[in-house]
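**Q** With this note's numbering applied, the sequence shown has no gaps in its numbers, which climb one by one up to 197 at the end.
A portion of the hints provided could be inaccurate.
[Stated by the list, open to error] Cβ pair distances, simulated, as ranges:
{"hint": "1", "residue 1": "F154", "residue 2": "A195", "range": "42 to 48 angstroms"}
{"hint": "2", "residue 1": "D187", "residue 2": "A152", "range": "19 to 25 angstroms"}
{"hint": "3", "residue 1": "I156", "residue 2": "M197", "range": "32 to 38 angstroms"}
{"hint": "4", "residue 1": "A162", "residue 2": "E194", "range": "52 to 58 angstroms"}
{"hint": "5", "residue 1": "D187", "residue 2": "P160", "range": "35 to 41 angstroms"}
{"hint": "6", "residue 1": "E192", "residue 2": "P160", "range": "44 to 50 angstroms"}
{"hint": "7", "residue 1": "A196", "residue 2": "A162", "range": "24 to 30 angstroms"}
{"hint": "8", "residue 1": "M191", "residue 2": "I156", "range": "27 to 33 angstroms"}
Simulated from the structure, these hints should not be mistaken for laboratory data.
Everything numeric in this text was worked out from a predicted model, so none of it was measured.
All C-beta atoms, glycine included, are put in the ideal place defined by N, C-alpha and C.
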Amino acid sequence: SENGRRSHFITANFQIADGPAADEIVVAIGAADGGRVHPRIRDRFQDMKEMEQEAAM
141 SENGRRSHFI TANFQIADGP AADEIVVAIG AADGGRVHPR IRDRFQDMKE
191 MEQEAAM
């Protein structure tokens, strides 16, 4: 499963149900007030593996 990959982690999916028509365009804008607290490095599966190892210690 690719769900644990950082490129797909904490993303938002949306759909424009009735558009755009042939003579229309969609303009989508995203904004943030700062950088990522946890940058997307490696993948979530690796994180989970490391958390299990730390818990076993």
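**Q** Would you mind marking each hint as holding or not holding in the structure?
**A** Verification of the supplied hints:
1. Separation of F154 from A195 is about 36 angstroms and departs from the stated range, judged on CB atoms against 42 to 48 angstroms.
2. Distance hint check: the CB atoms of D187 and A152 are about 21 angstroms apart, consistent with the given range 19 to 25 angstroms.
3. A beta carbon spacing of about 49 angstroms between I156 and M197 contradicts the range 32 to 38 angstroms that was offered as a hint.
4. Roughly 55 angstroms separates the CB atoms of A162 and E194, a value that falls within the hinted 52 to 58 angstroms.
5. Separation of D187 from P160 is about 38 angstroms and conforms to the stated range, judged on CB atoms against 35 to 41 angstroms.
6. Taking the beta carbon of each, E192 and P160 are about 46 angstroms apart, inside 44 to 50 angstroms as hinted.
7. The hinted range of 24 to 30 angstroms is not satisfied by A196 and A162, whose Cβ atoms lie roughly 59 angstroms apart.
8. Separation of M191 from I156 is about 38 angstroms and departs from the stated range, judged on CB atoms against 27 to 33 angstroms.
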